[in-house]
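Undergrad: For this one, chain A is given, so just place chain G on it according to the hints.
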Amino acid sequence: MIQNLVYSKMQHQNLVLSILGLGMVMLAVFSLSIGAFSIPFSNAISILLQQLGIVSGSYTVQETNVLLQIRFPRVLLAMLVGGGLGISGAALQGLFRNPLVEPGLIGVSSGGALFAVIFIVFGASFPWITGLFGSFSLPLFAFVGGLINVLLVYKMANYGGKTDISLLILAGVALTALSSALIGLAIFYADEAAIRNFTFWSLGDVGGANWNKVKIAFLLILAPSCWIMLQYRNLNALALGENEAFHMGVNVQKVKYIVLFMSALVVGVGVSMTGTIGFVGLIVPHLIRLSFGADHRLVLSGAFLLGACLLTGADLLARTLVMPAEMPIGIITAIIGSPFFIWLIINVKKIRT
Amino acid sequence: MLEAKNIHFCINNKPIVDQVSIHLKPGEMTVLLGPNGAGKSTLFRLLSGELLCKQGMVRYNGLPISGLKPKELAHLRAVMPQHSTMTFPFQVIEVVMLGLMLSKKKYPSNTVEEVMKATHTWELKNQLYGNLSGGEKQRVQLARVLCQIWEIKSFPRYLLLDEPTSSMDIAQQHHILEIIGQLKHRNIGILAILHDLNLAANYADNAVLLKNGTVIKQGPIREVMTAENLQRNFDYPIHVETDGPAAPIYVSSLAPNKKSSYTTNFKFA
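The listed protein sequences derive, respectively, from chains A and G.
Under the numbering used here, the first residue of the first sequence is numbered 30, with each subsequent residue one higher.
Under the numbering used here, the first residue of the second sequence is numbered 62, with each subsequent residue one higher.
The following block holds chain G by itself, in its conformation from the complex:
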């Protein structure tokens, strides 16, 4: 289990993440939702080990993160940050194979090919990374990250994704989230920051609502993603509809000046 207990992080004495406790179980996907500036990315970086918190504790499978070397941490989790730039003219396949840099084998197993075919990047393999479109770059980065944890291992591992599908078209978004969801069967716990509430509602098992650095609600997706909770989280009228516990969830919102037939009791401040 990936566990954060009472973690706290300040910048210039202003708390960005304030007494947050969350846990991530292998085999489950959790989304982190919240308005801009809620502290999502900072929390994400605290969990990935990029930042170390002054108070509280992050543990991977019971091991405190401060005691893990970068290499040991890389065996336990893979991270996809929001933006990655490449300075030099690397080919797509070279970028993806960086994900395997910890493996000792001289020639990679079929991992690279499997992952690249799954993420629809195999046909891009000989292109220069810098010449790709935004969505293609994102898929290549995802392929690199997936390579790091693709091989099945006996211990639980984690995948942290910061807006993994933000530049993709709608079809790619669904396709990629489908693949990410399948990783749950490999004893992997997934945490994703998503801005699209519909994607979040229909792919994740759990949700964490973050506002002003604190968790205002967390738990199973259908308990957390209610109209009331989301409105409180985003300060905006949001409508949530579903036909039953197994049916898809529809999350919608309208421009403020548009009349809506939905009965929301939201008042603009």
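Only chain A is shown next, with the shape it has when bound in the complex:
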């Protein structure tokens, strides 16, 4: 009886995840063929298959170049960043036991952005950093910034083993305000070249994707995301409370540090590559929970897949709505996300139960 129950629950979860995964792949292929320069579906698939050594169909050299050098890295980057935002939102909500938490709201994104700007503006004065970390310097810097903010917010909002949610949000607001002031200050002291770099980065969104960025994102977003996924049992236990999780054998401190560090890494790296993109980390875990249940086994992986879908879709809209120009992707996610956030505030009582 109980075996059947658990088995059917697992089957249901696997089905949901497969559908989300399939949807993500289909959206990605769709996204590859649409744009200012349109590539027919069949040709897009042929070009991808050719990369795997399977020759089929016909396509032009120009199509190959657009697809492989511009569009494919862009779609992959959108998927990785979106997935990272989704899963870190889900994990942070689980850790803080609050459905209103979002990487942007508690200052992770702004900390990442601040440190990214600091690196862009002052990085040239410290050539040894670039010498040591190469193209990883910017993402790693952003990670440190995100981490500092998330640890500060956590320390401020926590006392006696409990997290005070109003303190958490106040601390997040304060740190976000401070970070943006410091970003302004850094730009004030920046020279011409640095300002150009900064402008390029801040408008960069997913359009600046290249294979080098994708490689870094694979390493620094996908790997930490997998590590977060492995925490699903512990996060389920934490949903009951930190003390209860400890009673059931969870090393609460260790889980906290894994989730905080890995989320800061995922979000920091994302921010360093695409600028701050809000609301993905907030909406996505909710959609999964409301539709399919609260078990973190499903919520974490599902949030990654749905986040990837959402950002790929948003990017598709961003580059097709005002073709041939492009809209910053952050505008699209905010237009979808803000009304959702308002709806969430109104219905928070119902969701909490």
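Hints listed in this document are in silico derivations from the structure and should not be mistaken for laboratory results.
For every residue, glycine included, the Cβ atom is placed at its ideal position computed from N, Cα and C.
Worth double-checking, as some hints may not be accurate.
As the list claims (entries may be wrong) - In silico lysine-lysine, DSSO-like type, Cα no more than 30 Å apart, as pairs:
1. A:K283 <-> A:K184
2. A:K38 <-> G:K75
3. A:K184 <-> G:K115
4. G:K130 <-> G:K166
5. A:K38 <-> G:K166
6. G:K130 <-> A:K184
7. A:K184 <-> G:K75
8. A:K285 <-> G:K178
9. G:K166 <-> A:K285
10. A:K38 <-> A:K285
11. G:K178 <-> A:K283
12. G:K166 <-> G:K115
13. G:K86 <-> G:K115
14. G:K178 <-> G:K166
15. G:K214 <-> G:K86
16. G:K115 <-> A:K283
17. G:K132 <-> G:K245
As the list claims (entries may be wrong) - Sample of chain A residues lacking proximity to chain G, with all beta carbon distances greater than 10 Å (derived):
18. Q91
19. N127
20. P128
21. I158
22. I177
23. L181
24. M185
25. N280
26. G307
27. A323
Claimed, not checked - Residues on chain G that point at chain A, a partial pick, calculated with CB under 8 Å:
28. G128
29. K132
30. A135
31. L137
32. A139
33. F151
34. I154
35. E155
36. L163
37. V173
38. D230
39. D296
TA: Same frame as chain A, but now just chain G:
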């Protein structure tokens, strides 16, 4: 044996638990009694490992608690705190199965079903935890805690309960305490904080009276739960009646302005 020796815990230099020594034998149920603010919950949290004491020592089966990892501790004891809230929309069965998170098996044995049927929570299994009533939530939490130590093991284990039946109706209270009592046969020692003195007197083997952070009396239930000891512990007139060493114990008290036929020599301070 779960043993606490001379444990001491201060908050802002005010001792909350002061030089307390108690021990819990497997196969016995001990109740912790005392007025509000006596330090019951703090002592409870020191025993569960949630708080670490600066002086004194808590040992599980001879092992000092400070040397046990959370996982090792969870194999030795299960804890039910006073209140547990659930933020996200988890189903009842998901909450109960959290109690089995340490077991390596992919599919749980019949433990979950047995425990849920025993605690009358099986019919709630597909409901959302947040929609339950207070008493139902308490039974679900108890089911979760019982899952953790339900399977029979060769070594002695312990169950710590902080007011496990406070929101339940009288029938459920008796039913649940009956189940908890049966755990004694599984080589489990039980410690419960209870406020209902009648339940305490009739289900427990031993009692510990705590006042202002110190133990004022401990031992077998019939030696400790006398009118005199309880009055000293709670500063209130309390009457204890029993017809013999095997007969039930009745503990009663009245509103201060009511005339009582009991002859108590208690004077209000």
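Undergrad: Each of the hints needs a verdict: does it hold here or not?
TA: Hint-by-hint comparison with the structure:
Of the supplied pair hints, the one linking K283 of chain A and K184 of chain A holds, its CA atoms being roughly 15 Å apart against a limit of 30 Å. With a CA separation close to 51 Å, the supplied pair K38 of chain A and K75 of chain G exceeds the 30 Å bound. Under the criterion of a C-alpha separation no larger than 30 Å, the hint pairing K184 of chain A with K115 of chain G is consistent with the structure, at around 24 Å. Taking the CA atoms of K130 of chain G and K166 of chain G, the gap is near 21 Å; set against the 30 Å cutoff, the hint holds.
With a C-alpha separation of about 16 Å, the suggested pairing of K38 of chain A with K166 of chain G holds against the 30 Å cut-off. Among the hinted pairs, K130 of chain G with K184 of chain A is consistent with the structure: their alpha-carbon atoms are about 24 Å apart, no more than 30 Å. With a C-alpha separation of about 26 Å, the suggested pair K184 of chain A and K75 of chain G falls inside the 30 Å cut-off, and the hint holds. Restraint check for K285 of chain A and K178 of chain G: not satisfied, since their Cα atoms lie roughly 35 Å apart, outside the 30 Å limit.
Between K166 of chain G and K285 of chain A the CA atoms are separated by roughly 26 Å; this keeps the pair inside 30 Å, and the hint holds. As the CA atoms of K38 of chain A and K285 of chain A are separated by approximately 27 Å, the hinted pair is consistent with the 30 Å bound. Restraint check for K178 of chain G and K283 of chain A: the C-alpha separation of about 35 Å exceeds 30 Å, so the hint is violated. As the CA atoms of K166 of chain G and K115 of chain G are separated by approximately 38 Å, the hinted pair breaks the 30 Å bound.
Of the pairs offered as hints, the one joining K86 of chain G and K115 of chain G holds, with about 24 Å between alpha carbons and a cut-off of 30 Å not exceeded. At roughly 21 Å between alpha-carbon atoms, K178 of chain G and K166 of chain G fall within 30 Å of each other, so this suggested pair holds. For the proposed pair K214 of chain G and K86 of chain G, the alpha carbon gap of about 16 Å is at most 30 Å, so the pair holds. Between the alpha carbons of K115 of chain G and K283 of chain A the distance comes to roughly 23 Å, so the proposed pair stays at or under 30 Å and holds.
Straight-line distance between C-alpha atoms of K132 of chain G and K245 of chain G comes to about 23 Å, which keeps the hinted pair within the 30 Å bound. Every CB of chain G lies more than 10 Å from the CB of Q91 of chain A, the least distance being 50 Å, so the non-interface label holds. Not every beta carbon of chain G lies more than 10 Å from that of N127 of chain A, the smallest distance being close to 7 Å; the non-interface claim is violated. Distance check on P128 of chain A: its Cβ comes as close as 7 Å (rounded) to a Cβ of chain G, failing to clear the 10 Å threshold; non-interface status is violated.
Against chain G, the non-interface label of I158 of chain A holds: every CB pair exceeds 10 Å, the least being about 39 Å. Residue-level check passed: I177 of chain A sits 27 Å from the nearest beta carbon of chain G, beyond 10 Å. Non-interface call for L181 of chain A relative to chain G: holds, since the shortest CB-CB distance, roughly 23 Å, exceeds 10 Å. Distance check for M185 of chain A against chain G: the nearest CB is about 20 Å away, which clears 10 Å, and the non-interface claim stands.
With a cut of 10 Å on Cβ distances, N280 of chain A falls inside the contact zone with chain G, its closest approach being about 5 Å. With a cut of 10 Å on Cβ distances, G307 of chain A stays outside the contact zone with chain G, its closest approach being about 22 Å. Separation of A323 of chain A from chain G is inadequate, the least Cβ-Cβ distance of about 4 Å not exceeding the 10 Å criterion. At a threshold of 8 Å, the smallest CB-CB gap from G128 of chain G to chain A is about 14 Å, leaving the interface hint violated.
A cut of 8 Å between beta carbons decides the hint on K132 of chain G: the least distance to chain A is about 4 Å, and the hint holds. Given hint, A135 of chain G at the interface with chain A, holds; its Cβ is 3 Å from that chain's nearest Cβ, closer than 8 Å. Of the supplied interface hints, the one on L137 of chain G is violated, with its beta-carbon coming no nearer than about 10 Å to a beta-carbon of chain A, more than 8 Å. The closest approach between the C-beta of A139 of chain G and any C-beta of chain A is roughly 7 Å, which is under the 8 Å cut-off, so the hint is satisfied.
For F151 of chain G, the suggested interface contact is upheld, since its CB lies about 5 Å from the closest CB of chain A, less than 8 Å. A distance limit of 8 Å between C-beta atoms decides the matter here; for I154 of chain G the minimum to chain A is near 7 Å, and the interface restraint holds. Restraint check, E155 of chain G versus chain A: the minimum CB separation of about 6 Å is within 8 Å; hint holds. The criterion of a C-beta within 8 Å of any C-beta in chain A is met by L163 of chain G, whose closest approach is roughly 5 Å, and the hint holds.
Because the closest C-beta pair between V173 of chain G and chain A is about 5 Å apart, less than 8 Å, the hint holds. With a cut of 8 Å, the hint placing D230 of chain G at the interface with chain A is violated, because the nearest CB-to-CB distance is about 22 Å. For D296 of chain G, the interface hint is violated, the least distance from its beta-carbon to any beta-carbon of chain A being 29 Å, above 8 Å.
Hints 2, 8, 11, 12, 19, 20, 25, 27, 28, 31, 38, 39, counting from the list given before, are not met by this structure.
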